[in-house]
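Undergrad: Residue strings, one per chain:
Number of protein chains: 2
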Amino acid sequence: MPADVVEAKAYLDSSKVLVDRWLESYLPADHLEPRSLHQAIRYSVMAGGKRLRPILALATHEYCGGDIEGIDRPIHFAASALEMVHTYSLIHDDLPCMDDDDLRRGMPTCHIKFGEAVAVLAGDALHDIAFGLMARAGSTRAVEELAVAIGTEGMLGGQMADIEAEGHEVSRDEIIEIHRRKTGALIRCSVRVGAILAGADQPMIERLTEYGEKIGLAFQIIDDILDIEGDQKLLGKKVGSDSKKEKATYPGVVGIEQARQDAALLINEAVAVFDKYEENRLKHLAKYIAQRKH
Amino acid sequence: MPADVVEAKAYLDSSKVLVDRWLESYLPADHLEPRSLHQAIRYSVMAGGKRLRPILALATHEYCGGDIEGIDRPIHFAASALEMVHTYSLIHDDLPCMDDDDLRRGMPTCHIKFGEAVAVLAGDALHDIAFGLMARAGSTRAVEELAVAIGTEGMLGGQMADIEAEGHEVSRDEIIEIHRRKTGALIRCSVRVGAILAGADQPMIERLTEYGEKIGLAFQIIDDILDIEGDQKLLGKKVGSDSKKEKATYPGVVGIEQARQDAALLINEAVAVFDKYEENRLKHLAKYIAQRKH
Numbered sequence: 001m002p003a004d005v006v007e008a009k010a011y012l013d014s015s016k017v018l019v020d021r022w023l024e025s026y027l028p029a030d031h032l033e034p035r036s037l038h039q040a041i042r043y044s045v046m047a048g049g050k051r052l053r054p055i056l057a058l059a060t061h062e063y064c065g066g067d068i069e070g071i072d073r074p075i076h077f078a079a080s081a082l083e084m085v086h087t088y089s090l091i092h093d094d095l096p097c098m099d100d101d102d103l104r105r106g107m108p109t110c111h112i113k114f115g116e117a118v119a120v121l122a123g124d125a126l127h128d129i130a131f132g133l134m135a136r137a138g139s140t141r142a143v144e145e146l147a148v149a150i151g152t153e154g155m156l157g158g159q160m161a162d163i164e165a166e167g168h169e170v171s172r173d174e175i176i177e178i179h180r181r182k183t184g185a186l187i188r189c190s191v192r193v194g195a196i197l198a199g200a201d202q203p204m205i206e207r208l209t210e211y212g213e214k215i216g217l218a219f220q221i222i223d224d225i226l227d228i229e230g231d232q233k234l235l236g237k238k239v240g241s242d243s244k245k246e247k248a249t250y251p252g253v254v255g256i257e258q259a260r261q262d263a264a265l266l267i268n269e270a271v272a273v274f275d276k277y278e279e280n281r282l283k284h285l286a287k288y289i290a291q292r293k294h
Numbered sequence: 001m002p003a004d005v006v007e008a009k010a011y012l013d014s015s016k017v018l019v020d021r022w023l024e025s026y027l028p029a030d031h032l033e034p035r036s037l038h039q040a041i042r043y044s045v046m047a048g049g050k051r052l053r054p055i056l057a058l059a060t061h062e063y064c065g066g067d068i069e070g071i072d073r074p075i076h077f078a079a080s081a082l083e084m085v086h087t088y089s090l091i092h093d094d095l096p097c098m099d100d101d102d103l104r105r106g107m108p109t110c111h112i113k114f115g116e117a118v119a120v121l122a123g124d125a126l127h128d129i130a131f132g133l134m135a136r137a138g139s140t141r142a143v144e145e146l147a148v149a150i151g152t153e154g155m156l157g158g159q160m161a162d163i164e165a166e167g168h169e170v171s172r173d174e175i176i177e178i179h180r181r182k183t184g185a186l187i188r189c190s191v192r193v194g195a196i197l198a199g200a201d202q203p204m205i206e207r208l209t210e211y212g213e214k215i216g217l218a219f220q221i222i223d224d225i226l227d228i229e230g231d232q233k234l235l236g237k238k239v240g241s242d243s244k245k246e247k248a249t250y251p252g253v254v255g256i257e258q259a260r261q262d263a264a265l266l267i268n269e270a271v272a273v274f275d276k277y278e279e280n281r282l283k284h285l286a287k288y289i290a291q292r293k294h
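Here the protein sequences line up with chains V and R, keeping their order. Here the first sequence stands for residues 1 to 294, numbered as in the working numbering. Here the second sequence stands for residues 1 to 294, numbered as in the working numbering.
Quick caveat, the hints were computed from the structure, so don't treat them as lab data. Treat each hint with caution, since some may be false.
If several chains are the same, the list does not tell them apart, and a pair holds so long as it fits within one copy or across any two.
To be verified - Within a straight-line C-alpha distance of at most 30 Å, the following computed DSSO-like cross-link-like pairs (lysine-lysine) qualify:
{"#": "1", "residue 1": "245", "residue 2": "113"}
{"#": "2", "residue 1": "245", "residue 2": "276"}
{"#": "3", "residue 1": "247", "residue 2": "276"}
{"#": "4", "residue 1": "113", "residue 2": "287"}
{"#": "5", "residue 1": "244", "residue 2": "293"}
{"#": "6", "residue 1": "113", "residue 2": "244"}
{"#": "7", "residue 1": "237", "residue 2": "276"}
{"#": "8", "residue 1": "113", "residue 2": "276"}
{"#": "9", "residue 1": "113", "residue 2": "247"}
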């Protein structure tokens with residue numbers, strides 16, 4: 001493994017510990033009423049996951065001169081909010097009326113474990129807690145960024161397009177558009193919010209936005225590839241589920257070899273957003289994404 | 001009809017026109033993609049409704065010296081957000097895995113009209129758009145107020161307790177707690193946000209909070225009574241559905257006569273929050289709620 005990917009991996013591991021600690025402290029305690037709801041929320045959020053979105057927000061925040069040390073920093077609230085929004089979207093995506101998935105991160109999905117009504121409400125609750133936390137970060141701009149990223153122009157629009165595309169032929173442009181919205185928008189938002197809360201100037205925010213867009217799309221293309229040839233044990237979910245559900249996927253449209261090349265190109269473009277001779281963590285994280293196995 | 005109730009009715013009617021105009025302009029256009037999602041959102045929000053929550057925010061805002069005239073005022077964003085949140089909660093409450101209702105405001109519910117997947121996403125989208133609008137009002141405090149009011153301590157907690165209470169005996173204290181959360185919290189929040197955005201001081205906010213809590217609980221008790229003896233045509237939904245679903249209701253616990261008396265007492269207490277000789281719109285609105293037929 002190249003040295004920069006090793007560095008990224010170590011950073012991801014140590015940051016995950018921090019993010020998990022913040023999530024633990026910002027989620028409602030599961031002995032408080034309504035207990036079943038709080039248990040379902042904690043079960044879903046603490047089931048694991050790479051915490052990629054909050055970690056991208058942290059790394060960008062630090063890159064822009066922000067400080068992540070201390071207690072109850074705005075960036076801690078924001079990073080936790082990003083992961084909670086991601087989890088809310090997974091809980092609702094997994095519902096029987098949506099993707100109808102039984103397994104997530106190697107464990108039964110929320111509705112399998114707690115029933116459908118609780119799963120709908122647990123997703124709603126995480127959605128809500130996330131916005132409360134983002135507001136606690138003190139920036140209405142950050143709240144608006146989040147709302148746009150996960151709304152009908154972004155994540156929800158992508159989810160809707162994804163459902164509508166099932167069983168249909170889609171073009172390369174169409175699948176890129178679906179991926180940009182469904183997965184890309186929140187990753188882009190994570191990077192932007194990290195920069196905004198560090199007080200970055202507009203040219204910097206735009207440069208980082210480009211970085212976020214490239215890695216966001218690459219991330220989902222690689223996700224599609226892993227669904228074809230990944231290791232079920234590492235992934236914590238069944239492989240081959242996209243094709244079984246006749247989901248539109250990037251390799252399904254352009255072929256797996258072309259998909260691999262396009263993802264690599266996107267990662268190179270993301271790295272090229274920065275100065276050629278500048279070594280930095282965001283570059284390393286991009287390279288990590290290029291070779292991730294889960 | 002007493003003169004103050006007539007005044008309240010006229011105010012509700014004229015304010016509803018304003019709120020509908022704002023909602024119309026802040027909702028995504030239904031010719032934009034994802035069209036089916038935008039259509040479902042507009043269908044649900046524009047199906048009607050009293051717009052009580054936004055109107056309470058407006059009336060409180062004016063009471064505290066705020067100005068509601070003009071275009072794109074913070075209070076317009078906030079009022080619209082409150083109605084969207086209310087609609088999101090209705091869409092998700094109506095789902096088959098929740099209350100399984102077919103009829104709402106005299107029309108097929110969202111999932112009956114557009115399917116379950118679209119209904120889940122339309123609720124999610126309204127939840128999201130509402131937070132974006134509340135942030136546009138420029139106050140992170142208002143966003144936090146909303147998040148707490150509709151979270152697991154508030155509306156969602158009430159919804160969960162409501163489901164768990166189905167088919168069980170509950171005490172008067174328990175049903176009050178369910179109603180306080182499920183319906184009361186958002187009504188209380190509407191009043192508070194109206195005051196906060198007008199720059200009201202803390203003693204004023206606390207006095208208005210008490211008013212909001214009283215009318216919020218009275219509103220839901222009257223809702224329960226109307227479900228027993230209301231006019232289905234006026235209500236736009238089936239009567240008797242609470243008892244059919246073995247829902248915990250206030251008259252179910254204390255009897256319908258006692259429920260009527262308790263609602264009247266709460267309204268008197270809400271009115272008594274203000275000076276005895278002070279005539280104002282919030283008093284009128286409280287009295288309107290006491291005698292509402294739908």
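Undergrad: A separate judgement is required for each hint: does it hold in the structure or not?
TA: Hint check results:
1. For the homomeric pair residue 245 and residue 113, the shortest alpha-carbon distances inside one copy (22 Å) and between copies (24 Å) are both at most 30 Å.
2. Taking CA atoms no more than 30 Å apart as the test, residue 245 paired with residue 276 passes in neither setting, with 42 Å inside one copy and 66 Å between copies.
3. With identical chains, the CA atoms of residue 247 and residue 276 are never at most 30 Å apart, being 38 Å at best within one copy and 65 Å at best between copies.
4. In this assembly of identical chains, residue 113 and residue 287 lie within 30 Å of each other by CA distance neither inside one copy nor across copies; the values are 36 Å within and 46 Å between.
5. Taking the closest pair of Cα atoms, residue 244 and residue 293 come within 30 Å of each other only inside a single copy of the chain (21 Å); across copies the shortest separation is 52 Å, beyond that limit.
6. Taking CA atoms no more than 30 Å apart as the test, residue 113 paired with residue 244 passes in both settings, with 23 Å inside one copy and 28 Å between copies.
7. In the homo-oligomer, the alpha carbons of residue 237 and residue 276 never lie at most 30 Å apart, since the shortest distance is 38 Å inside one protomer and 65 Å across protomers.
8. Taking CA atoms no more than 30 Å apart as the test, residue 113 paired with residue 276 passes in neither setting, with 49 Å inside one copy and 55 Å between copies.
9. Taking identical chains as interchangeable, the C-alpha atoms of residue 113 and residue 247 lie at most 30 Å apart whether they share a chain (25 Å) or sit on different chains (24 Å).
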